Every structure is written in structure tokens, then in C-alpha cells.
Amino acid sequence: MKRLLIIVIAMQLVAIGVNAQDNILAPLFDKFADDEDFTKVTITSKMFSLFTEFEPEDPETQELTEAISKLKGLKILASDSIGNARSYFKDATAQVRKGNMEELMSIRDGKDDMLFMIKEEAGKISDLVMLVGGENKFVAMSLYGEIDLKQISKISKGMKIDGMKYLENIDNEGDDQE
Amino acid sequence: MLMESTTIRELVEKYWNGETSLEEEAQLQQYFSQEEAPADLKKEATLFRYYQSNTRFRTLDERFDEQLTQRIERKQSRQRWLTYQPLLRIAAAIVFVVLAAILFRTEWMGETNSVAVKDTYEDPRLAYEQTKEALLLVSSLMNEGTQHMQELETFSEAQETVKTQIP
Numbered sequence: 001m002k003r004l005l006i007i008v009i010a011m012q013l014v015a016i017g018v019n020a021q022d023n024i025l026a027p028l029f030d031k032f033a034d035d036e037d038f039t040k041v042t043i044t045s046k047m048f049s050l051f052t053e054f055e056p057e058d059p060e061t062q063e064l065t066e067a068i069s070k071l072k073g074l075k076i077l078a079s080d081s082i083g084n085a086r087s088y089f090k091d092a093t094a095q096v097r098k099g100n101m102e103e104l105m106s107i108r109d110g111k112d113d114m115l116f117m118i119k120e121e122a123g124k125i126s127d128l129v130m131l132v133g134g135e136n137k138f139v140a141m142s143l144y145g146e147i148d149l150k151q152i153s154k155i156s157k158g159m160k161i162d163g164m165k166y167l168e169n170i171d172n173e174g175d176d177q178e
Numbered sequence: 001m002l003m004e005s006t007t008i009r010e011l012v013e014k015y016w017n018g019e020t021s022l023e024e025e026a027q028l029q030q031y032f033s034q035e036e037a038p039a040d041l042k043k044e045a046t047l048f049r050y051y052q053s054n055t056r057f058r059t060l061d062e063r064f065d066e067q068l069t070q071r072i073e074r075k076q077s078r079q080r081w082l083t084y085q086p087l088l089r090i091a092a093a094i095v096f097v098v099l100a101a102i103l104f105r106t107e108w109m110g111e112t113n114s115v116a117v118k119d120t121y122e123d124p125r126l127a128y129e130q131t132k133e134a135l136l137l138v139s140s141l142m143n144e145g146t147q148h149m150q151e152l153e154t155f156s157e158a159q160e161t162v163k164t165q166i167p
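Sequence lines, in order, name chains V and U.
Numbering follows this note's numbering, in which position 171 of the first sequence is assigned residue number 171; successive positions increment by one, without gaps.
Numbering follows this note's numbering, in which position 36 of the second sequence is assigned residue number 36; successive positions increment by one, without gaps.
The hints are simulated quantities; they were obtained by calculation from the structure and are not laboratory data.
Mixed in with the good hints there might be a few duds.
As the list claims (entries may be wrong) - BS3-like mimics (lysine-lysine), calculated; alpha carbons at most 25 Å apart, straight line: (1) V:LYS157 with U:LYS43; (2) U:LYS75 with U:LYS43; (3) U:LYS132 with V:LYS70; (4) U:LYS132 with V:LYS150; (5) V:LYS119 with U:LYS132; (6) V:LYS119 with V:LYS31.
All values derive from a computational prediction rather than experimental measurement.
Chain U extracted, bound-state conformation (with noise of 0.2 Å):
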């Protein structure tokens, strides 16, 4: 071929900047189906021989319009399923209202429960007796359990002296 490399370089700039025509590219392709292209259009030969032996980028592959159809489908039965999201969504919404209302409640009723059992006595001074005869029984029982535990302090002590003078 006679094409001077100058207006292949032009070419192939242009192919680069994606302004070429199709006959332009055909020409182009032509160029390095045949000559021997100059060291620095190495990488564009490779590309357009490939091309060349490749009709694939042609043609629609058979199974193309099988591929997209089925594609589009696996789309829409995602969005068949975000349709329900909407609904998800209200669904959480009520758990979480819901579970919140049974929170609410029980601390509420609590509260409430509380507050009608928690003080047994309305008249302080009565309460102040009952507190009074509650620490001292506490203080007489826990002073019960130490008086035991004395005992039993001094029987291990009397133990040891027995074992000690007794070698």
C-alpha cells in the first residue's frame, strides 16, 4: 500500500480521539493487515489485526438478544422485589413501634406499680418505725451469726492450745 505513514499517524490519532469514519478505520485496518507497520504503530497493528481476524465485533452474536432479554429480566424481578420494600419498610416500622409500646409499657406499669406498692406507708413516722425495727432486727440476727462465728472461733481456738500442749 501507498499510504504514507505521516496520514496513517494522522489516522490513528484520530481513531485515538474517536473522530474517525468507518472508512477511515477500514482504511486503517487495511494498512496494517498488509504493510509492515513502523516500530511506534506496533501496539496499533496488533489492535487492528486483531480486529480484522476477529468478525465477533461485528456481527450480534446469536445468543445476544437470548443474553439481553434474559438480563433484563433478572433487573426487573429485582425490581419486582424492591416493589415490596415499601412494605418491609412499615413492617419494621411497626416492630419497632410495637417494641417500643411493650418498653414503654413495662417501665410505665412498673413505674406505676411502684408507686402505688412502693411506699407501704404513706406517714413518714410509721415508715421510720418500721425502718428502725428492720435494722435492729438485722443488727440483732447479724449479730447473732457473728456471736456463732465467735464461738466457733474460740472453740478452734481452744483446739490449737489443746493440740499445741498436747505434742
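Bound conformation, chain V alone (with noise of 0.2 Å):
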């Protein structure tokens, strides 16, 4: 009896523990989540599944469409209008690297960090965390399914973004298109 209920109990803490590494910015999220000065973006495994109904024929955005059919999730949390931006930052880092992925690059650009995160199996890239710290901006964006870097590297390529730039807007960009 008391056997059984130890076994269970120990199950019981191996499922939290596997439930809790789902995702490594989970915690991140959940923390965030009624915060309005972040924008939350989540779109499942189910919705990817959707997009391939419409996928363009567009020559020019294929590398793009076929890094996102082989994406099965995605996440992002991010503020440009955050004070202390760069304790965020540094919270998820110390978080992300506590976690069992590998560093992939880590970069400070003026006054603005950023560190991805790769989780690799079997030579398959299966998780990309990348998060940019700024003055007051924070953002934290989680990719898992099947990503190639390379790929992905290749799709800004043929267009000319300034990603930092870029960033700046995404707040804005998304409000757009709701």
C-alpha cells in the first residue's frame, strides 16, 4: 500500500516535471500572461496544420513557406515599451540556459542583446528560443517543429530588413492586422 503509493506519488512528480519541460518559456508566458504591456503571440501545432491550404506559389517567398510547414509552433512574448527591459532579459536567459538546449549565438549590438538557443536531435534542430534585450524592449520567441537554419537564414536574405528595426514595429504590425 505504502509501496504503491510512493510509486504513484513519484509518477505523479515525473509527469509535473515532463509537463513542465514542454516548453522552456512556459514559465515565461504564464508569468506574463495578464500583463497587458506585452503582446502575446501563440499559434499551435493545429493551426500550422491550417496553413498549408493557402499556401502561395510564390517563387519568392518559397524558403519562407517551406520553413513554416515544418513548424509546429510558435510563440512570442514582447514589449517596446517596457523600463527595465534588460532584467527580463536576463531572467529568461539565466531561465533558457538552465534548460537542456545548447547556445547557438549570443550577441550584443549596441545596446541590444541577443541570444538564440537551439535544442538539437539526431543532427534536427526541434526548438529555437531567441530573445533580444533592449532599453525597453523585451522579446521572447520560442519556434519548435523541424527547423533548418539555414533556410531560415536564407529567407531575409533576398529582402533587405533591418531586424532591430524591424523589431520596433512588431507591436505595431500586429495591431494592424487584427
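Dock the two chains into a complex; use the hints.
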């Protein structure tokens, strides 16, 4: 009886642990779930499965379409108007580094910090976490599915986009579409 | 004693079978206490002589009652503990159910929560656009990063060439 109970409790703890490992950014998202300062975007695999219906046959965006078709989920947490963005970035960095991900690169460009973390399994990247921290902006993005870094890198090569400037408008552009 | 060894042997056999009467046992005892037993009855001789010398087997010890009651009490106290066992079981069951409920709730709430939060967009087209933008952002930021690294690389390459050219 006691032994059974212990086993069951252990299993439950394991289940909770597994659950917690599901997404490394999940705690962050939960933390800011009700925070109006943040833009939160979550796109699930179910939604991704619907994308196939209207994939445009545009050769210019072919790389993009292909990259998207391999994804299974997307989470974005972003704000460009918070005071202590740097501390958010630090916290998030510490959180992500605690997980079982590898660092792809970390960049400091002027006042902006960037961190890319990946999870690789059998030569394929299954998770990509990007953290950006600036003076008053903070972005946490998590991509999962099958991620081809070369392909992702190609996406923006054709188009001249300044990522940081682009980032400053991410909130507004999101609003435009809603 | 004039008892014949054959009778003794019979008695001994009866004794081992547990069929002897008290009198017969007394007879045996007497025999073994007096006579030099034949070689094959040495074992029994020792045993009966021991019985003779040890009266402890006849009369109950003074402490017998005391020890007996002690044992009974000990057993009873264990039984008293055993009467609590159903309660313990119930308690364990409650703990189990509560734990299961908590787990289920967190799981379930998490599910519903994420269903509520899950898809920010209901229109797949909007979601698609957002994904596109997100990927563009990741891509451009990543390229910026690698660009920096390439710059660094060319810098270190330049350094190398400088080093090799100036001995």
C-alpha cells in the first residue's frame, strides 16, 4: 500500500516534471499572461496544419513557405515599452540556460542583446529560442518543429530588412492585422 | 533393574511416536537413571537423564504467569495499533485522491488555459502572416548576428595576415 503510494507519487512528480519541460518559455508566458504591456502570440500545431491550405505559390517566398511548413509551434512574448527590459532579458536568459538547450549565438550589438538557443536531436533542430533585450524592449520567441537554420537564414537574405528596426514595429504591425 | 532391553526398546519407540503414557515415561526415566544403557540407546539415555535432573520441565516457573500476561499484552497493543489501520488506509486514500485531483486540475487547467491562450489568432491567415513576420525577424536578426561574426572573422583573418606578413 505504502509502496504503491510512493510509486504513484513519484510518477505524478515525473509527470509534472515532464509537463514543465514541455516548453522552456512556458513559465515566462504564464508569468506575463495578464500583463497588458506584453504582446503575446501563440500559434499551435493545429493552426500550422491549417496553413497548408493557402500556401502561396510564390517563388520569392518559397523558402519562407517551406520553413513555415516544417514548424509545429510558435510563441512570442514581446514588449517595446517596458522600463526594466534588461532585467527581463537577464531573467529569461538565466531561465533558458538552465534548460537542456545549446547556445547557438549570443550577440551584443550596441544596446541590444540577442541570444539564440537551440535544441538539437539527431542532427535536427527541434527548438529554437530567441531572446532579445534592449533598453526598453524585450522579445522572447520560441519556435518548435523542424528548424533548418540555413533555410531560415535565407528567408531574409533576399529582402533587405533591418531586424532591429523591424522589431520596433512588431507590436504595431501585429495590431494592424487584428 | 530387571527390565529387558527389548521392552525398553519398545517403550522408546512408543515414546518417539508420542504414544507412551506418563507411567511408561516414568519407567523409562527410571531405567535410564539406573542402568547403563546399551550403545544404541545412548541418545535416549542422555535425554532422560536430563529430564530427571531438570525439574523445570515439570513445574511452571514463578515468572510464567507474569511472562504470559506480558506477551498477551504485547500482542493486544499490536492489535490496538491494527485497529487504527483502516483509518490509516482511509487517510492514505484521501491523500492519494487529493494528489490526483491536484495533478488532474493543473493538467486540465493547463489544457484549458492553453486552449484559451493557445491560438492567438482564430483566422489561420492572420496566424500565417504573424508566423511569416516572426520568421523574418528571426532570420534577419540571425543574419545580423552571423554578419557580425563574419566581420570578426575577417578581422581575425586580417590580424593573421598581418602577423604572418610582419615577422
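How the hints compare with the structure:
Using a Cα cut-off of 25 Å, the hinted pair LYS157 (chain V) and LYS43 (chain U) is violated, with the two alpha carbons roughly 105 Å apart. A threshold of 25 Å between alpha carbons decides the hint, and for LYS75 (chain U) with LYS43 (chain U) the separation of about 38 Å lies outside it, so the pair is violated. This hinted pair checks out: LYS132 (chain U) and LYS70 (chain V) have alpha carbons roughly 13 Å apart, not beyond 25 Å. Simply put, LYS132 (chain U) and LYS150 (chain V) have alpha-carbon atoms about 16 Å apart, close enough for the 25 Å limit, and the pair holds.
For the hint linking LYS119 (chain V) to LYS132 (chain U), the alpha-carbon distance of about 21 Å falls within 25 Å, and the restraint holds. Between the alpha carbons of LYS119 (chain V) and LYS31 (chain V) the distance comes to roughly 23 Å, so the proposed pair stays at or under 25 Å and holds.
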